[in-house]
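Each chain, letter by letter, is given below.
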Amino acid sequence: MPPSNSLIYLVDDDASVRRSLSRLVRQAGYEEQSFDSAEAFLAACPEFFSQPACAVVDLHMPGLNGLDLQQQFNDRAFHCPVIFISGNGDIPSSVRAMRQGAVTFLTKPFHDEDILQAIAEGLASHRALLAAATRVNEAAHRIAMLSEREREVMARVINGSLNKQIAGELGIVEQTVKVHRSRVMEKTGVTSVAELVRLCDMAGFSTNKPG
Amino acid sequence: MRAFPVSRHIRHRGITPAPCNTPIDAPPKYRENHRVSWITVIWSAASGACLMLATLHFLAWCRDRRSWANLCFPIMVLGVIGLGIAELFMLWADSPEQFSEAGRWAHFCFGICVAGSLGFVHFYFGTGKYSLLLAALSLRLLAVIVNFTTGENLHFEVVHSLRQFNLFGEPVVIVDEWVENPWVRVGQLAALMQIVYFVDASLRLWRRHAPNDRRRALMVGGSLVVFILFASGHAGLAAAGMVHGPLLVSFPFFAMVLAINHELSRDLLRAARLAKDLKESETRLSLAASAAGIALWELDLRSDQIWIPEAGRCLYGVGPDEMTDLPGFFATIHPDDRSRVSDVIQRAVNDTQPYAVEYRIFLPDGGVRWLAATGRLERDEQGKAILVRGVTLDITPRKVAEKAAAEHHFELAHLSRISVLGELAGSLAHELNQPLAAMLSNAQVGLRIMKSETPDLREMEALLADVAADAKRAGGIVHGMRAMFKKDSLPQIQAVDLKCVVTDVLQVLHSTIFACHVTVEVEATTTMPPVAANRVEIQQVLINLLLNSLDALRGTEQGAGGPDLARIDITIGREGDLGVLTVRDNGPGIPPDMVDRLFEPFSTTKPDGLGLGLSISRKIVERFGGSLVSVCETGRAGAVFRLTLPVITDQSNSCQQGGDGSILSP
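Protein chains in written order, with the working numbering: chain R, 19 to 229; chain D, 2 to 667.
Hints were generated in silico from the structure; no laboratory data involved.
It is possible that some hints are incorrect.
From chain D, some residues computed to sit far from chain R (all C-beta separations above 10 Å) [as the list claims (entries may be wrong)]:
id	residue
1	66
2	263
3	327
4	343
5	345
6	391
Sample of chain R residues at the chain D side, in silico, Cβ under 7 Å [what the hints assert, rightly or not]:
id	residue
7	34
8	38
9	42
10	45
11	47
12	49
13	106
14	110
15	126
16	127
Here's a subset of chain D near chain R, in silico, CB distances under 10 Å, partners left out [claimed, not checked]:
id	residue
17	431
18	434
19	445
20	515
The C-beta atom is built at its ideal place from N, Cα and C for all residues, glycine as well.
Input sequences plus hints: build the corresponding full structure.
Listed below in structure tokens is the structure:
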């Protein structure tokens with residue numbers, strides 16, 4: 019059973035398709051929100067996602083069609099995966115959809131397993147995305163807790179400089195460097211230099227421009 | 002010259018005349034009387050000749066009772082002959098009494114002669130005035146009555162004595178002493194009236210400017226006037242005593258008879274020649290008719306008899322004894338066409354419409370033949386329709402060709418619909434896949450629900466209701482498609498609501514329209530009667546027009562750029578007896594080099610188009626008596642097509658949806 023906190027957005031102009039899809043995803047244990055047009059969906063969709071989400075979008079709709087929606091969606095900082103469904107999928111549309119990063123492209127009528135599979139894939143990737151984002155936030159938060167001096171020491175540590183070299187460069191005694199270093203390890207919660215390197219990398223901490 | 006010694010006492014009417022036995026100092030009377038005088042010979046010969054001519058024309062009248070002139074002529078001639086005989090009696094009279102009595106009969110015969118001549122001129126010229134004719138006849142009748150009631154005759158109150166007179170060597174008697182009858186003025190007035198009538202009729206005939214008419218006016222009218230003037234003048238002068246000699250009125254009248262006979266005989270001869278010419282031309286005509294495969298015919302409306310020459314009968318497949326009247330003719334006509342033919346005949350007779358009709362007949366071998374008949378109505382002088390004359394042509398090959406052409410057109414229209422199906426395949430697949438997708442999802446959810454330990458039956462019920470609704474919807478789409486793309490008999494003309502057609506077509510095309518980012522606006526007048534057409538075919542025409550507009554908009558700036566800019570406006574309105582549907586787009590319009598041959602087959606600007614859509618559309622619309630044209634609107638880009646169809650005014654405006662052969666619906 020998938021986690022119940024996942025949200026599925028359904029965007030289709032056809033009421034009966036919308037209703038059957040909503041019934042399907044609810045039966046599969048997801049929360050869902052239905053929209054009868056791309057415009058309505060874009061207006062209602064949050065800037066930040068608090069839970070894993072996935073959009074099932076009809077390709078042909080009056081007004082903005084599915085591909086236009088994806089285009090506008092991609093321009094945002096945060097977005098969720100898109101699954102396309104279409105009554106008559108032509109090759110150019112499907113190629114464009116996939117290149118724009120769609121999870122998959124399903125032709126109506128589709129099998130329930132196929133769409134649930136696609137939804138599961140979409141949610142998994144979104145969940146991973148959300149998790150990664152959380153870790154980045156965490157790392158940046160920890161690094162932000164360091165003092166100026168500690169960050170300078172950390173930058174040299176992850177560059178592989180020895181304590182003696184760091185002391186020389188910063189004009190402080192080696193003992194002081196050791197104190198800063200242990201405080202950095204303590205504040206960031208890492209146990210080895212290797213871990214520290216990974217954390218800095220995740221947080222986008224640049225070694226070239228310390229401080 | 003010797004005078005008869007005649008008793009001088011005045012004789013009165015009603016008193017038996019005493020025998021006049023006064024001896025004449027002359028050779029014995031019997032010898033003189035038995036001498037064959039030249040007067041007797043000439044008078045007899047002239048009378049005989051006149052009688053013969055009279056008989057001839059009388060026989061002509063017997064054969065053709067309508068030629069009244071031919072009857073009047075013998076009457077006139079009989080009058081002349083009687084006048085001649087009476088004159089002979091006057092010439093050989095033994096006594097004044099005999100002379101007067103003969104004179105009385107001479108006037109009577111002259112009256113007959115005048116009546117005959119008046120009648121003759123009336124019927125032969127046909128130009129005289131009725132009032133003048135009646136006046137002349139009445140005066141002459143009065144003169145005849147006066148002739149019998151006053152004096153001894155019209156001329157003489159009393160004849161006292163006679164005397165002998167030498168007429169070119171023949172001794173005859175003439176009046177010697179007499180008293181003139183004052184009533185003779187009535188006779189003179191009658192003669193004057195006659196002359197007035199003859200002159201008037203002749204002048205009218207003369208003014209008609211036909212060459213034969215002029216000669217007739219001169220010969221007949223002239224001779225009548227001259228001889229009556231002569232007769233009246235001579236009689237008047239003789240009676241007035243200014244001229245001495247016998248009354249010789251009949252002799253010039255013999256000449257008049259000859260003159261008139263000359264004219265009548267010319268007519269008879271001409272009629273004979275015309276009859277011969279007619280016979281020949283009939284032969285030629287029937288030869289030409291049989292060579293051309295046409296039949297000549299005549300329908301006599303008074304007796305409903307039909308005349309068709311031998312050669313033309315084979316066209317109807319009937320023998321010489323069949324189809325000789327109107328019921329016989331109707332019996333051969335195809336039952337479906339009978340009332341139509343009857344209507345056309347009625348209209349031709351009553352409303353002076355030309356008789357032109359196409360109908361089918363049954364041949365004796367059971368076959369059917371198409372005939373086209375055209376005819377002209379002939380009326381009598383009173384304007385009553387008496388005859389329809391015309392020709393009939395076998396148009397079976399043409400009808401067969403027309404039917405084949407209609408079938409070809411129908412095939413082509415069907416193929417064109419099939420090709421439209423190709424263009425619409427995407428749209429139709431989308432339309433059909435929507436309900437199918439919904440049904441499949443619902444069914445699979447249903448399966449899952451059923452597998453659970455506690456199935457939610459309420460949800461199952463809602464789900465199954467959705468499945469049923471979607472199945473109906475899919476069925477409707479398939480039904481509509483079948484109606485449009487299946488091929489059956491030639492489409493029938495029915496009452497079509499243009500608004501419904503537009504609605505249906507927009508539903509079929511809606512995904513295509515969305516795909517092209519086109520806005521479609523429909524504007525229709527509220528009170529729009531249905532038009533006479535075929536629903537499926539008009540849908541096809543409209544689909545063609547809209548697909549053309551969509552194609553034009555697809556490749557343009559408007560189409561690719563802003564969705565609000567590319568648009569198609571459809572207007573439905575009424576102009577008099579026509580329903581008008583206009584499709585207007587704001588695409589690039591029709592290329593100038595295409596404008597002229599837009600509706601020609603195989604002219605196209607599309608790389609994958611056959612170029613048949615518009616030509617077939619126009620043919621479809623024309624079949625219903627409508628038109629399809631491209632309209633140029635100045636100062637405005639884009640193409641405008643205007644479709645007109647005749648409206649049905651006296652029917653209820655009902656919009657029939659779905660299931661009746663329309664392309665589709667929801």
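Structure-based check of each hint:
With a closest Cβ-Cβ approach of about 90 Å to chain R, residue 66(D) is found to remain outside the 10 Å limit, as its non-interface label requires. At roughly 101 Å, the least C-beta separation between residue 263(D) and chain R is larger than 10 Å, which holds for a residue marked as non-interface. Non-interface call for residue 327(D) relative to chain R: holds, since the shortest CB-CB distance, roughly 66 Å, exceeds 10 Å. Every CB of chain R lies more than 10 Å from the CB of residue 343(D), the least distance being 59 Å, so the non-interface label holds.
Here residue 345(D) stays apart from chain R, with its beta-carbon at least about 56 Å from theirs, past the 10 Å limit. A cut-off of 10 Å between C-beta atoms confirms that residue 391(D) is not in contact with chain R; the least separation is 63 Å. Annotation: interface hint on residue 34(R) holds; nearest CB of chain D at approximately 4 Å, less than 7 Å. The beta carbon of residue 38(R) comes within 4 Å of a beta carbon in chain D, closer than 7 Å, and the hint placing it at the interface holds.
With a cut of 7 Å, the hint placing residue 42(R) at the interface with chain D holds, because the nearest CB-to-CB distance is about 5 Å. Taking 7 Å as the C-beta cut-off, the interface hint given for residue 45(R) holds, the closest approach to chain D being about 5 Å. A least Cβ separation of about 11 Å between residue 47(R) and chain D goes past the 7 Å threshold, and the interface hint is therefore violated. Interface hint status for residue 49(R): violated, as the beta-carbon distance to the closest one in chain D is roughly 16 Å, over 7 Å.
Using the Cβ-Cβ criterion of 7 Å, the hint placing residue 106(R) at the interface with chain D is satisfied: the shortest such distance is roughly 4 Å. Hint on residue 110(R) is violated. Least Cβ distance to chain D is approximately 12 Å, over the 7 Å limit. A least Cβ separation of about 4 Å between residue 126(R) and chain D falls short of the 7 Å threshold, and the interface hint therefore holds. Restraint check, residue 127(R) versus chain D: the minimum CB separation of about 4 Å is within 7 Å; hint holds.
With its C-beta approaching chain R no nearer than about 3 Å, residue 431(D) sits inside the 10 Å limit, and its interface hint holds. Taken as an interface hint, residue 434(D) checks out: its beta carbon lies about 4 Å from the nearest beta carbon of chain R, inside 10 Å. The interface hint given for residue 445(D) is met, as the beta carbon of that residue sits about 4 Å from the closest beta carbon of chain R, less than 10 Å. For residue 515(D), the shortest C-beta to C-beta distance to chain R is roughly 5 Å, which falls under 10 Å, so the interface hint holds.
Going through the hint list in order, the structure does not satisfy hints 11, 12 and 14.
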